[in-house]
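Peer 1: Chain order of the listed sequences is A and B.
According to this note's numbering, numbering within the first sequence proceeds without interruption in unit steps and concludes at 183.
According to this note's numbering, numbering within the second sequence proceeds without interruption in unit steps and concludes at 460.
These are calculated hints, taken from the structure and not from any lab test.
All C-beta atoms in this analysis are idealised placements derived from N, C-alpha and C, irrespective of residue type, glycine included.
Among the hints, erroneous ones may be present.
Said to hold, decoys possible - Derived lysine-lysine pairs resembling DSSO-like cross-links, with alpha carbons at most 27 Å apart:
| no. | chain 1 | residue 1 | chain 2 | residue 2 |
| --- | --- | --- | --- | --- |
| 1 | A | K31 | B | K289 |
| 2 | A | K6 | B | K434 |
| 3 | A | K6 | B | K68 |
| 4 | A | K15 | A | K33 |
| 5 | B | K434 | A | K31 |
| 6 | A | K33 | B | K444 |
| 7 | B | K289 | A | K24 |
| 8 | A | K6 | B | K294 |
Claimed, not checked - Some but not every residue of chain A turned toward chain B, in silico, with C-beta under 7 Å:
| no. | residue |
| --- | --- |
| 9 | L3 |
| 10 | L12 |
| 11 | G45 |
| 12 | S92 |
| 13 | Y94 |
| 14 | G104 |
| 15 | V119 |
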Amino acid sequence: MTLDAKIPAGPLAEKWSKHKFNLKLVNPANKRKYDVIVVGTGLAGGAAAASLAELGYNVKAFCFQDSPRRAHSIAAQGGINAAKNYQNDGDSVYRLFYDTIKGGDYRAREGNVYRLAEVSVNIIDQCVAQGVPFAREYGGLLDNRSFGGSQVSRTFYARGTNRAAAFIRRLLRIKPPDTSWQS
Amino acid sequence: MYTRSEMLDVVTVDGHAKGIVTRNLITGEIDTHTGHAVLLATGGYGNVFYLSTNAIGSNVTAAWRAHKRGAFFANPCYTQIHPTCIPVTGDHQSKLTLMSESLRNDGRVWAPKTVEIAEQLRKGTIKADQVKEDDRDYFLERKYPSFGNLVPRDVASRNAKEMVDEGRGVGGSGFAVFLDFADAIHRLGKDAVAAKYGNLFDMYYQITDEDPYKQPMRIYPAVHYTMGGLWVDYNLSTNVPGLYALGECNFSDHGANRLGASALMQGLADGYFVIPYTLGDYLAQIGPKPVDGKHPAFEQTKQDVIARINKLLALKGTKTVNEYHRDLGHIMWEYCGMARTEEGLTKAKGLIQALRADFWKNALVVGENEEVNPALEKAGRVADFLELGELMVDDALMRKESCGGHFRLESQTPEGEALRDDEHFAFVAAWEYKGDNQPEVLNKEALDFEFVHLTQRSYK
Ligand SMILES: Cc1cc2nc3c(=O)[nH]c(=O)nc-3n(C[C@H](O)[C@H](O)[C@H](O)COP(=O)(O)OP(=O)(O)OC[C@H]3O[C@@H](n4cnc5c(N)ncnc54)[C@H](O)[C@@H]3O)c2cc1C
Ligand SMILES: Cc1cc2nc3c(=O)[nH]c(=O)nc-3n(C[C@H](O)[C@H](O)[C@H](O)COP(=O)(O)OP(=O)(O)OC[C@H]3O[C@@H](n4cnc5c(N)ncnc54)[C@H](O)[C@@H]3O)c2cc1C
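Given these sequences and hints, build the entire structure.
Peer 2: Here it is, written out as structure tokens:
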């Protein structure tokens, strides 16, 4: 069987925008007629459930713990990468893409990894908008540190153990207007 | 929001995912749920190794049941072994603790230069701070001058193992190297170091009863993350229409090794910025007609789940499920861990098959379905790990090259680095389930590199 990864053709930097443009849309009035099951409410599932519910879909979310806040994601302690180049140390979407492809020893898809680097920039804004207490420098700018496999500082983090937990909790606290989420 | 609900199967109708079957972990009730699409964001499978940094409850069940319903499982052998964890202390342990990689910003990794000094350290006749500068080998800085202590995780882990294999490991067990902050404290002051890493130092102190401001930390690699997972296309769709996988549970973006702080990035990217677009495309095509929960596929899948639970509850042997899990973990760590060989993997395959057969004869699963029953929950998860473990070994056997976290001893550069074989292995391995105890079929998705030039990874 041949597997079709459906990677859009064209230059790397344009693949995702073009693809988004070509995707079909669901009429806003119809969204509530769709049930979407989300199994898992760690960061990935939590983010999906919240966004889809906000769009108007009827989301049914499941987890095996007694609360989404107990997902494994809460253990994360290092932080999140993003190609913001706040440190002015030469970071860029392309560099994050390149580091990730190389770090993965050239066994990941170019198209996917580029998209990841591209949207990484939005993630931090999204988190800040939701009140994630990222560490800041004295002047108030978000602080960064380095992680393995990279020569730039692009990791956003929260200070202190409690902060790390608060960070995840913030993200999982988002209560979309839809009531099915709370059922 | 359905909490304390474990998904135990996916319902497919005419090849499309249309719902799930869950078990209520408090009452034991088995329910079916309908949906126009099913998204799995159920995390990674590192706990197949028994000891890992993952939460105790993390498991592969959701992804594995989806696999058995047709979803391909990609690159199962790609496992990340994190270099900076608190070393194992004994057999009683059920979990390992990660010391954040950010510590490698300021901590320096070293082992004693000679076996003799290592011996003294292991016996406790000398302490780390008594080892003279000249007798220390800052092996990452020595071997990788440009990245130094910040080489990727797989490289750092393998080098620590190498030290231990040479007899230069420290700590009571000899399975550890040092992560030393003396320089940073000297350079920046204790307060500055405490401001950056105080929480981690406190955690280390609480667990080991050693003060990392005074003595270097002891660290050793531990299983941390799994790059493999359900195969998905660019839209995060598995090959089963309507079934999507997000976060650590898919295989998508990290290749054979994930960089630090990229898991959250990927999980949030999938959830916030990708799926809201791509899911709409599918939903618009299938239309909003309600899903018929009365379709026989729902009842049939529910009966399959109940039959499996009954089969587990009928196991009244002598060995606890936890013991099977630990045995499996030993096999995986020994033969499918940081260094893999054809011979070891072949042996592991036999051992896992035997262990699995034994499980279905001699395991002990106490209690009933209609109650909170952790033994039953664990039995279902371990049964799945016993199948996944074999597939990981198959995948590792098939991939004769080394790449990232997958290190085949037969394939290394003269300097001992992972040696890829791009000509034969530049593909994603997507495995297709063919029935109980049947060999899985390998499907290959070729990886085309249009923009980056493939090179031997070097962090020197
Ligand atoms: C100690 C530690 C520190 C880490 N630090 C970082 C870091 O600093 N930065 C970083 O980027 N990454 C880090 N990682 C990795 C990262 O935390 C994980 O990869 C990530 O949290 C996975 O998120 P997820 O949403 O995919 O899954 P998870 O958070 O594992 O969530 C899985 C969810 O699925 C549910 N679930 C699973 N199976 C079922 C089922 N059968 N039925 C119902 N529900 C089910 C669970 O209840 C849970 O809600 C760290 C990992 C560990 C262990
Ligand atoms: C702030 C914070 C920071 C952390 N940082 C790190 C870190 O840096 N590195 C690291 O390795 N780990 C870290 N951890 C720990 C890590 O988060 C946990 O290992 C993980 O969250 C989950 O562990 P668990 O599955 O063992 O148990 P828990 O999350 O404690 O879950 C236990 C579950 O079992 C249920 N339960 C308990 N008893 C019963 C019973 N009798 N009957 C029925 N149900 C029961 C509980 O309700 C709960 O759902 C951190 C934790 C926190 C809170």
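Peer 1: Need the list of violated hint numbers for this structure, in ascending order.
Peer 2: Result: hints 4, 5, 6, 8, 12, 13 break, sorted rising.
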